[in-house]
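There are 2 protein chains.
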Amino acid sequence: MRRSERIALISKTLSENPNKIISLNHFGQWLGAAKSSISEDLNIIKDAYKTSGQGELTTIPGAAGGVRYRTKRSADDINAFLKDLSSTLQDQKRIIPGGYLYMTDVMFSPEFSSIIGEIFAQLFIDKNPTHVLTVETKGIPIALMTAKALNVPMVVARRDSRVTEGPSVGISYVSGSGQKIHNMSLAKRALPENAQVLIIDDFMKAGGTARGMTELVAEFKAQVVGTAMVVATAVPEKKLVEDFTTLLILDSIDTHKGLIDISINNKLM
Amino acid sequence: MRRSERIALISKTLSENPNKIISLNHFGQWLGAAKSSISEDLNIIKDAYKTSGQGELTTIPGAAGGVRYRTKRSADDINAFLKDLSSTLQDQKRIIPGGYLYMTDVMFSPEFSSIIGEIFAQLFIDKNPTHVLTVETKGIPIALMTAKALNVPMVVARRDSRVTEGPSVGISYVSGSGQKIHNMSLAKRALPENAQVLIIDDFMKAGGTARGMTELVAEFKAQVVGTAMVVATAVPEKKLVEDFTTLLILDSIDTHKGLIDISINNKLM
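So the sequence lines, in the order shown, correspond to chains G and F. Heads up, the first sequence is in the working numbering, so the first residue is 1 and it goes up one at a time. Heads up, the second sequence is in the working numbering, so the first residue is 1 and it goes up one at a time.
It is worth saying that the hints were derived from the structure and are not from the lab. Some hints here could point you the wrong way.
One copy or two, it doesn't matter: identical chains are merged, so the pair holds either way.
[Said to hold, decoys possible] In the DSSO-like style, the derived pairs of lysine-lysine whose C-alpha atoms are separated by at most 27 Å in a straight line are:
id, residue 1, residue 2
1, 93, 188
2, 20, 83
3, 72, 20
4, 35, 50
5, 188, 257
6, 93, 221
7, 72, 188
8, 72, 257
9, 257, 127
10, 239, 221
11, 50, 20
12, 46, 238
Using the sequences plus the hints, can you model the full thing?
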């Protein structure tokens, strides 16, 4: 097999398996090439990715070593994506009677959710999360794509416990408006003790749901390493969770004039 | 830029954008190369993918033309994956009191769900689905990965209608056991008329939920082009939907002996 053919296959494999360490032996055996040739192939791919801002290849030495691909977008790239995302969300047809913003199609879109997941992964990869947690329903696609980019499992808290998932741990929490008590539960087998959990959601207003997830994680004797959402409202300024990362800030929805004001969180990077 | 570097970048872009037609001009401008060079690059990638069973590259002529990548697993590859999946699911620790099977971790795993999605896409791509539909919650990851592989939007029916999604169409349906009436709704703006819908779910027993989704699609004046799930039970043999594709068949769960009997659907291919 020619070098260029090997590179086509190695590049495909790496980009489809982000944050996974793949041994040089694996590529060597698969492609019938010496380790030294694979090593040269990887250097070419590494340079090509780096030059064009397509991500980072790292060589990990040792017995468990190999090569690992991670997305690495520049601040400019992330800003350009968020500008595109916010202008999509500011379309006045998205205003729902009652002053809500229709975001479901964006959250459920494979195209948007995969890039959002890659950005979340990039922001939190140094915290070494072992699990990504969300609560059903709308956050699932972005949580899944984040988990994929991090190469860790996703776990999903349910609004009601399910007989098909066995024993579960449940909590009650108060929504941000303080008017209503909700329940949230997670199968006991879903999360091991000392898991390092990244909490992901699509939207945050007062932070009641994020606070609930934080409390659920504590019940599992696991730790929260980060909390991130796509959109957080500017009001109330004080949220029920102290530390969170939002991509966008929803400043206001003027149902009368049909205006939605969303800005990029400039504290992000 | 050298040919091998261009190939690394083109291969990455194609594998990250399945079923999307990308023009040769796009690659040419991005990589600073003549169309004829890009064309040669693509032939090398095409051969490498084909030789190693890594998918199919097709050149589409004309003004809207370009190159398109699709996964194309061999029957042997799919069988090997399904064997692995069924042995994972047959672990006796998965039996939940009440005779249920714990599958959530598998459905929520980015690794399993992405391959399941690619297989569903491969099985139905010739029916030209324009949307992938599932009902919350467990089917969402496989539906999303199917939608990603098909390059179409995913839509999710809810168990209860949400104020944040605007006007919705709701139906009531009877579960397979005939004991209980459930509701399912979908935001009106989620699905256009004449959409060609692929219905995806994780599990089917009597087919009540799949039947419900079929009726919901009809309410939108859209058409169902296929119904697929990961696991269907052998009993009852007669389901509430006539035409469906399942990857695996759950023959029995013996809670007493701790035995789960799952087989690969040999009518699949």
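Status of the hints after comparison with the structure:
Proximity of residue 93 and residue 188 under a CA criterion of 27 Å is satisfied inter-copy only: 13 Å between copies versus 42 Å inside one chain copy. Taking the shortest alpha-carbon separations for residue 20 and residue 83, only the inter-copy value of 23 Å comes in at or below 27 Å, while the best intra-copy value is 30 Å. Taking CA atoms no more than 27 Å apart as the test, residue 72 paired with residue 20 passes in both settings, with 15 Å inside one copy and 23 Å between copies. For the homomeric pair residue 35 and residue 50, the shortest alpha-carbon distances inside one copy (22 Å) and between copies (23 Å) are both at most 27 Å.
For the identical chains of this complex, residue 188 and residue 257 are inter-copy neighbours only, at 23 Å across copies versus 48 Å inside a copy, given an alpha-carbon limit of 27 Å. In this homomeric assembly, residue 93 and residue 221 come within 27 Å of each other (Cα to Cα) only across copies, at 22 Å, whereas the closest approach inside a single copy is 44 Å. For the homomeric pair residue 72 and residue 188, neither the shortest alpha-carbon distance inside one copy (34 Å) nor that between copies (38 Å) is at most 27 Å. For the identical chains of this complex, residue 72 and residue 257 are neighbours neither inside a copy (39 Å) nor across copies (50 Å), given an alpha-carbon limit of 27 Å.
In this homomeric assembly, residue 257 and residue 127 never come within 27 Å of each other (Cα to Cα): the closest approach is 43 Å inside a single copy and 43 Å across copies. Proximity of residue 239 and residue 221 under a CA criterion of 27 Å is satisfied intra-copy only: 24 Å inside one chain copy versus 43 Å between copies. For a Cα distance limit of 27 Å, the shortest separation of residue 50 from residue 20 qualifies both inside one copy, at 18 Å, and across copies, at 24 Å. Within a single copy, residue 46 and residue 238 get their C-alpha atoms no closer than 44 Å, and across copies no closer than 54 Å, so neither meets the 27 Å cut-off.
In summary, the structure is inconsistent with hints 7, 8, 9 and 12 from the numbered list given earlier, while agreeing with the others.
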